[in-house]
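Participant: Here is what each chain is made of, one letter per residue.
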Amino acid sequence: MLSEIERRELEDAVKHYPDKRGAAIDALLTIQRRRGWISDDTLFEIAQFLEITAEDLDSVATFYNLVFRKPVGRHVAFMCDSISCWIKGCEQVQEQIKKLYDVDLGQTTSDGRLTVLPIACLGQCERAPALLIDQDVYGNVTPEKIEQIVEKYK
Amino acid sequence: MERPLTQHIHPDGTTRTLREYVKTGGYRCLQRLSSGLAPKDLQRLVTDAGLRGRGGGGFLTGTKWSFVPMGADAPKPKYIVANGDEMEPGTFKDRVLMEGDPHGLVEGMILAGYAIDAEVGYIFLRGEYHLSAQRLTEAIAEAYAAGYLGTPLPGTGFRFDLHLHASAGRYICGEETALINALEGKRAVPRAKPPFPQTVGLWGKPTVVQNVETLYNIPHIVNQGSDWYHRLSRTQDGGTKIYGISGRVANPGWWELPLGTTAREVLEQHAGGMADGVCFRGLLPGGISTAFMTEEHLDLPLDFSSIPPEIGRLGTATMIVLDDHTCPVGFVLNLEKFFARESCGWCTPCREGLPWVAKLLMSFEEGRATSEDLSLLKMHTKWLAPGHTFCGLAPGAMAPLQSALKYFHDDFERHISTRGCPWSKKSSQQKVLV
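Listed in order, the protein sequences are those of chains F and A.
In this text, residue positions in the first sequence follow the numbering used here: the first is 69, and each later residue adds one.
In this text, residue positions in the second sequence follow the numbering used here: the first is 11, and each later residue adds one.
Read the hints as simulated data drawn from the structure, not as lab findings.
Be aware that a few hints might be false.
Stated by the list, open to error - Derived pair list, reagent style DSS-like, types lysine-lysine, alpha-carbon separation capped at 27 Å:
id, chain 1, residue 1, chain 2, residue 2
1, A, Lys-196, F, Lys-83
2, A, Lys-215, A, Lys-203
3, F, Lys-220, F, Lys-138
4, F, Lys-220, F, Lys-167
5, A, Lys-203, F, Lys-88
6, F, Lys-167, F, Lys-138
7, A, Lys-369, F, Lys-166
8, F, Lys-83, A, Lys-369
9, F, Lys-88, A, Lys-196
10, F, Lys-88, A, Lys-86
11, F, Lys-138, A, Lys-196
What the hints assert, rightly or not - Partial selection, computed: residues in chain F whose CB lies under 8 Å from chain A:
id, residue
12, His-84
13, Val-140
14, Ile-155
15, Gln-192
Unchecked claim - To list a few chain F residues with every Cβ distance to chain A over 10 Å, as calculated:
id, residue
16, Glu-77
17, Thr-121
18, Lys-138
19, Ser-150
20, Leu-168
21, Asp-170
22, Val-171
23, Lys-222
Predicted, not measured: the structure shown is a model, and the values here were computed from it.
We put the CB at the ideal spot given by N, CA and C, even for glycine.
Generate coordinates for the entire structure from the input sequences, incorporating the hints supplied.
Facilitator: Below, the structure written as structure tokens:
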């Protein structure tokens, strides 16, 4: 069941569109901010609110990189692996994360603290390699600096 | 040298408030609308200025607007959409503008809306640009409070509403018809054209989708005129352009320069040349859907008209430099893996062809490639050429591959003859420290 607050947030989101389903992405992201990810049950609840089928909404949910249809850790690190970051050594940064936290791309640490995902170019190319943790951007990342950065996220 | 788009952006990365924006002439040109500049006049002004789309297409803005049905019989509502889904690898120019001066986009949207008589605008922003989202949200709220949005513009009867739509990360949303599907809450696959969005777009209504940087130009054209705008440029295309550079150069960054600046100037004068210890081999002039340029092309004026089609096109003007410590095959493999991952899967050549290309390139890197694989790669550049796919994603993906096969042919051959990558992993790790 959508909580009272969640329902109110969704009602705000649909105001900007002539048709409720226009808010599909806003709705998925809004509820995901509260619940961490989009479970099947959550998907049904949002679909019901938007007056579309859950299958229809799932075709949207599964399309986007930032909608999680599986549980994620308390924090999500998005590693840019596009060209400018690749030239500047993003693979070495990722290897260091793997070494430090025993987590590969697409996985979550065993303590549920951190999920590491690849991401398309973050638009921070002048300070490559870059990564995004939750909503914070880091540029000019090196294997040496990465532990200090990740340690801020418990 | 004038830098109308970026001259007021704070070097410390903080944003500009409404008060600062107004103090430097912001929203001033709305008075011109009130004092009788009709939508048709605005269209003519922008057409005369020669403003071309800064997202990479280079389409004339005035011409784009001219396809929108106008007058009392035109379908209502009409929409104007800012394409802020900046996901083209190597491209970061729209972020610079939206973070640094968000009101410029709001004002550009109001003017573009006025030009086509649109009542509603959406800013379609990529989901990862959290700082842009926050600053645009604040700017939109300020513009509502000040009466620039949501209240009829005095003397015109024109009232404009503007909403921010944060997307959830998918490259194909930058394609205008896929973007329209995404805004409607659907899976973001492209639509067939015709009908073009200018007549049948968002929710079936006339819609103009424009790149963020393009929209930032419009207030300046209205304030200072089309002759002034032409004088900013060195070539027949009007205005300035935000040029960027990334890769192993001394000083990666962005600069607003006259359209028609050459790659050599950007690289040598602004970016300080190559980083210590590496040499230039080539560059992609504007994102990864453009063809490589090499030493011989560095003095071409970078605009929408001066680059011969057989060489390539400008794209977003944010360059990515290939140096001699980086494997050109590995470079192109990275690009094709990106395209394969971000293909929307709607049409077969793109969905199946791009992963095939990536696998072929991988076989070069792993030392398994034969000369037959080289022919297969070349054939893909024809199979995925324009006209063979539903939208421009796969043909865009072939631009760097085709040109790499031309300029770095010997490097591909060397991967075959030495059964592996001459820039092996071990050595590249050492060279990353360069």
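Participant: Hints the structure violates: just list their numbers, smallest first.
Facilitator: 8, 13 and 19
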